[in-house]
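S.K.: Here the structure of chain A is known, so what remains is to put chain B in place on it, guided by the hints.
Chain by chain, the residues:
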Amino acid sequence: MDLTLSPSEQQFRDEVRDWIEANHPGPEPEAGLEEVMAFRREWQLKMHAAGWAGISWPKEYGGRGATMIEQAIFVGEAARLEAPSPANVLGLAMGGPVVIAHGSDEQKQRYLEPILTGEEIWCQGFSEPESGSDLASLKTRAVKDGDEWVVTGQKVWTTFAQYAKWCMLVARTDPDAPKHKGLTYFLMDMDQPGVEAKPLVQITGEGEFNEVFINEARIPDENIVGGVGNGWGVAITTLMNERAGLAFGAIAQIANNLKRLGALAAETRVNGGTAAEDPVFRQRIAQLHIEAETMRLNAYRGLTKTMQSGIPGPEGSLGKWQWADINQRIAELALDIEGAYAPLTRGDEHVVAGGAWQYSFLRSRANSIEGGTTDILKNIIAERVLGLPRMR
Amino acid sequence: MYFDLTDEQQAIKATAHDFLAARYKSDRIRELAESENGFEQSDWDEMAELGWTGLALPEEWGGQGLGIVELAVLFEEMGYALAPSPLFSNTIAGLALSLCGSDEQRERYLRPLAEGKLRGTPALWDAGGPATIGSFTMEPRADGEGIVLDGEKVLVMDAAAADFFLVATSDGRRHLVERGADGVTITPSTSIDTTRRLYAVRFDGVKVAAEDSLPAAEADYYGVFFRLCVALAAESTGIAQRTMEMAVAYAKDRQQFGRPIGAYQAVSHRCAQMLLETENARSAVYGAASMAKAYASDAGWRVPDASIQVHGGIGFTWEHDLHFFLKRGKANAAMFGDSKWHRERVADAVLA
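If you read the sequences in order, they're chains A and B.
Under the working numbering, the first residue of the first sequence is numbered 1, with each subsequent residue one higher.
Under the working numbering, the first residue of the second sequence is numbered 1, with each subsequent residue one higher.
So here's chain A without its partners, still in its complex pose (with noise of 0.2 Å):
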């Protein structure tokens, strides 16, 4: 057991500390998705340009080729530092690492490079209506026509479908088949008329979401990944590589919020002293910290444990579910804190911390919601780890 980096990890930590504080270029602009998306199409050019794009993917694709423990020291690094997110995330994270996992030759020469460029921008289509936790359900229709597939069906929850070129589509081809057995992967062209993305207002007045309906849109043979049928195996592959890449970035985002929360205690007065003087807040506090820590350790032992098997394992449910319930009792520590100034928000004059935990309470009920539910990341964890009966 060695908690520490070893000299070479030091050294890899140390090249992407000076190299994102020489290069960083600031806090993203406040107003507009647009300006916010020109700002990190920008950053993924000189991530691209420096070799940490696709940090993860093999260097004949373009990528780093990067061990899983300097993965995860990049990401801890970027979320520590505050680095903006690549615009091309999704197909940073998801699109590429599919396309080179089940991918065609012509395929990966074909949509690898504009990734790691960000020049095309990916978004994924999964999550309908009626199907989300039950995502297997989806009801999204892709029918033969010559060598083309007519689809028609809706998405949502479509994070930058407005800016996508790209959907990793999920849809049904064969509806007779068993539930899980009749879904193809498709890479859908944006940029045709049976597309239309419509963004959904959140709960915090913003719109990182879509709506994306789908009216006979027409997608070529040679965009299926994976075959037709096998839909399902390469879903699962962008949900774990989703899963793996979150973990650490999560962790130091968690770390900064800790600090935020330790400073607001720290200014804030109650009770004759400051909120970090008072003991329920300090257990509560000191609480907090605690489990970040179990969630940093546990990072750690399941990326060891994955290095070791090859694959990540069902217990990275653990990592999300904790990460949520932490994500969320923060912002909540924050508004107690505040106490009657808790409701006052972004724009007011006497607003505390400029909103900033108004927003963040807000965006994180969203935590236990996103990703997969605490709910089933639950079932997940009694059925697949502790091998408990199904539910179903």
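No wet-lab data here; the hints were simulated from the structure.
A quick note: this is a predicted structure, and the numbers were derived from the prediction, not measured.
Fair warning: there could be bad hints in the mix.
[As the list claims (entries may be wrong)] Within a straight-line C-alpha distance of at most 25 Å, the following computed PhoX-like cross-link-like pairs (lysine-lysine) qualify: (1) 305(A) with 13(B); (2) 259(A) with 340(B); (3) 59(A) with 108(A); (4) 144(A) with 181(A); (5) 139(A) with 165(A); (6) 108(A) with 144(A).
[Unchecked claim] Here chain A is said to cover these stretches of chain B; the calculated rule only asks that three of the stretch's residues, wherever they fall, bring their Cβ under 8 Å from a Cβ of chain A: (7) 5-12; (8) 95-104; (9) 215-228; (10) 244-256.
Where a beta carbon is used, it is the ideal one built from N, C-alpha and C, also for glycine.
M.R.: Frame of chain A, contents of chain B only:
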């Protein structure tokens, strides 16, 4: 970065697991829980032969020269088996002598302790004094070169099994007193946890020669304290692991409304929560000591408590073993700083 046990540590774990599983079956634990001293000398001799009595003590004093990770590995298995044994209290005495004793004291007490021939235990809390760690009230009275001790120590683990005590005084020092010394009286206490014996120990004009007072000052005992907190947190983690496994096995087996109760989310999600807390406790053990003790203190009784709930009525019976685990977990949580006390230490560190 390699966050897993090495082959040698895995071997310690496997040996401990198999040995303890063979020794401490339910009937045996119950027998020992009702016996006079709560343990069996022949078990102790075997543990000494396995090197456990000197596991984390220096080789030059007859120990194995291993560290805190190996200690945590062993004590997680001790908790898993709920082994009734003075090994924990003896480990504290060994660490204290190793880190804070003089060479003469180490020669006389530590070497035989490491070899399993002598047992020691700390005598810390004072009757009627505060329960917090580090605020001991027994005043050492000067007597020529040495001192005289008067007063009553409580919550002394395994006192009847110990050959000597390390008695804490108000000046933060520790003093070696043999169990048979004049003026020492031992009375068994009644604890919810019958698998770890507690005693009240009276000291009536007990003379301590100068060479029997440890040279170290209060602050020097932090090294001992952090290590024992980690070992105790590891033991609580083992308790959580075992009682989670009991709940999962029962939930697979027990049928109600025509299906195993583990198929119901009210039960399966409770089991998932038990796994989360157990894994977190295990990770915490390899992090900072106060974080470990705070987290594992809570998990060490919450998980057995949840396991009782999964078992329903049978879990509430004396006949089922679960209550022994709940009681040890709760006792561990209370000893050596409860979760609130350790969280306050964490708050001190993070809110500086």
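S.K.: Does each hint hold? Answer for all of them.
M.R.: Hint-by-hint comparison with the structure:
1. 305(A) with 13(B): holds (18 Å)
2. 259(A) with 340(B): Between residue 259(A) and residue 340(B) the Cα gap is close to 21 Å, so the pair holds against 25 Å.
3. 59(A) with 108(A): OK: residue 59(A) and residue 108(A) at ~13 Å, within 25 Å.
4. 144(A) with 181(A): Holds, at roughly 17 Å.
5. 139(A) with 165(A): Given that 25 Å is the threshold and the Cα spacing comes to 23 Å, the pair holds.
6. 108(A) with 144(A): Within the cut-off at roughly 24 Å; holds.
7. 5-12: holds (count 3)
8. 95-104: violated (count 0)
9. 215-228: Three-residue rule not met by the segment 215-228 of chain B, so violated; n is 0.
10. 244-256: holds (count 3)
When each numbered hint is compared with the structure, violations occur for hints 8 and 9.
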